[in-house]
Amino acid sequence: MDVDEYDRTYAVAVEEAETAHLAQGLGADGPDEELLGTVAATSGETDTRVAAIDQIRFNAVAYPAVIELLLTVLGDTGDDPVVRRAALGALAESSFRVVDFGPHATDYRAILRSVATDADLTLRERALEFLALAKDEYAQRLLLDGLRDPKKALVAARRALQMVGHDLHAEHYDLLRDIVASSEHQGIRNDALRLLAADGDSKDLFARIVQDASQDTEARSTSAIALSSLAPEEFASIAQDIVLDEDDDDDLRATCLTTLAHGPGPSAEPDLAARVLDTPTAKSAELTRAAHQYTRTMAPGNG
Amino acid sequence: MAITVELSVNGTTEPGGRYVGWTPAPATLRVLDADGAAAPIRVTLGNRTGAGGKLVFRLERKDASLDQLDLDLAVHGTPSEFFVAGRFGSSSVADGDAPLMVRSAVAAGPELGSFPMMVRIRKDANQLGTAERDRFLSALARLNNQGQGIFQSFRNIHRDSTSPEAHGRHGFLPWHRAFMLDLERELQRLDRSVTLPYWRFDRPAPQLFTPDFLGATDPGSGVASFAPANPLRLWRTDGQLGIARRPLFDTQNSPAHDDNGQGVLTEVQTVALGTTFAQLVGPLESNPHGTAHTSFGGVVSAIDTAARDPLFFLLHCNVDRLWAIWQRRRGRFDTQSPLTYRFQGSSTSPGATRIGHNLLDTMWPWNNVRVRPRPPTAPRTPFPDAPATTASPGNEPTVRSMIDFQGHADVVARLGFDYDDVPFEAPNP
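So the protein sequences, as listed, match chains A and B. Mapping of the first sequence onto the working numbering: position 139 corresponds to residue 143, and the numbering continues sequentially without gaps. Mapping of the second sequence onto the working numbering: position 188 corresponds to residue 191, and the numbering continues sequentially without gaps.
Everything labelled a hint here was simulated from the structure, so no lab data went into it. There may be inaccurate statements among the hints.
Straight line, CA to CA, 20 Å or less: simulated SDA-like cross-link-like pairs of lysine to any residue [unchecked claim]:
{"hint": "1", "chain 1": "A", "residue 1": "K207", "chain 2": "B", "residue 2": "Q243"}
{"hint": "2", "chain 1": "B", "residue 1": "K65", "chain 2": "A", "residue 2": "P154"}
{"hint": "3", "chain 1": "B", "residue 1": "K57", "chain 2": "A", "residue 2": "K139"}
{"hint": "4", "chain 1": "A", "residue 1": "K139", "chain 2": "B", "residue 2": "N159"}
{"hint": "5", "chain 1": "A", "residue 1": "K287", "chain 2": "A", "residue 2": "P268"}
With the sequences and hints as input, model every part of the structure.
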């Protein structure tokens, strides 16, 4: 590559971008009052207001008035949900400048809590997720209530499970085991299994599922990985049998090989992958990839 | 007998030193056995023909780069000095695929040596080769070791409680540069050929968000899905299996944006944010940095949990690359200039900003300072060294030590990494 040519092309692009910044007001010293007025005008056109938010969000955290306006828009349940979503996006982005955002953090959390039960599903989901990531007890209670009683659910069960997972405690494991035992939705069941992977009391459940060929492959794979961490010795023994079982699912065999190579368990047989590759039966590309990777990873001196 | 020569790169004759980027690395060549020759032996340094990384040579560090270099070697073993680097645009794809060839300068003279080297460069993750990708994933998974490895210490230093060390002030960029380099060096302890790739969030990255790489979208679970042979399938942090990540944009066809279409600034828009560091760092921390984080739901969308997702490191590698591009375009490597870094003193200097964000401050956690206002623990200490390639930044990096990463103003300051599209040479005015 010619460095000079690269630089010439780049210089033109940067110059154009600098001009564009100025044209959009992005290089201005403070918020444009007219733009703030556009955002605040609840009777305004949706697209116009969203476009205005897109402009004032730039470096918004440097200007308390902008953040306060965005909080007002987000918290106004009577306002246009599309505009409120844009305000939430701008606030989430600004919250990454945590020191400057600090003075607004309490108000932000309070408004997120109010939005957690909003009529707009998208706003509700996003607010619940931000709160769940912050380990907010109120949000956690709403999510668990919805999982226990679907009539109270604010979001779909799988979304709720994902969010509950942001702040999982031992007291939740009974609920998760109930879901594994009773749910007829395989996706929900698999999600619950994944969250149980930290639960030592579920070790036997995982050992049973991974060895049960009638179970869903994803459930068996998740169980294999969970078991490898909870009971490495037991997993290694089960996994080696699965890997060498040509009648078992290739994806599960590949998962077991990958887990043996990269997990914390005892050293597995160095020639295990070679034995898989040496068999004359057809193998999936994924199993072959896992076998070669296993060989590389287990090679002496690697790591 | 035949003439034998010995190569030293980065101050060592060990193979571990033979990793270079675009930044010239000091090297020497000397005769071990002159095979009876009495006059200096003229040799030509060059590349092997065919595929693989390619090297360039300089007699002096600031010289123009050459594809071949003639050296006169003293027969009594006195080393001849030169500089070696990768040829811009010709990085390696495998360890040792850029051998430094030493030939007699006599026409059709014999080959005197072939020394495996690697042009080791941080690359666009979306363009990474399969083997490069798999080496990276394997090293990352081993570092995590299902949540029982040292990756947890990386996760632990990027929390809400430690955030003031890393965010919201000018040290945002230097701190995260150190964070990326720390992780990369740990990966390289497992596999020397690995570098940290970057997620160029202002472009679609269809090769990155796949089951074979950083995971595909599973809209049902909101958890990234992986192929059975992808070792990230085992990813576990804080005791939990999996990576909660839900893109709000079309990862196959679109640059990053949130669910309202509010997108990241492009690379050139970012570089155009300002001509001084003070003009760049604040806005950049919001957009594209914050915007890239919040273009997903899941752990990467909040400071306290973001480092649980490996994507965090590819995202921040790109943030660092944007700073590197800006530095080169604006010539901002001289740490004594307030245009390069505004807060020139230490935290006790007049007009100082928060501790950890002044030029002369050491950075937590690598400095192991655990008294207020620093956090009470320091999970990553000391900063890992890379003695085979560079002595910088030392075990207690300062803000200053993170700035001149290619050693423009201070040759000792080079940090031993380069980006595929950030040359060493200054832009031609």
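Given the hint that K207(A) pairs with Q243(B), does the C-alpha gap stay at or below 20 Å? It holds: about 15 Å lies between the C-alpha atoms, which stays within 20 Å.
Measure nothing beyond the straight line between the CA atoms of K139(A) and N159(B); if it is 20 Å or shorter, mark the hint as holding. Holds - the C-alpha atoms of N159(B) and K139(A) are around 16 Å apart, at most 20 Å.
Checking one constraint from the list: CA of K65(B) to CA of P154(A), max 20 Å. Satisfied? violated, 69 Å
Within 20 Å, alpha carbon to alpha carbon, are K57(B) and K139(A)? violated, 51 Å
Would you mind confirming whether the straight-line C-alpha gap from K287(A) to P268(A) stays at or under 20 Å? Violated, at about 26 Å.
Comparing the model with each numbered hint stated earlier shows that hints 2, 3, 5 do not hold.
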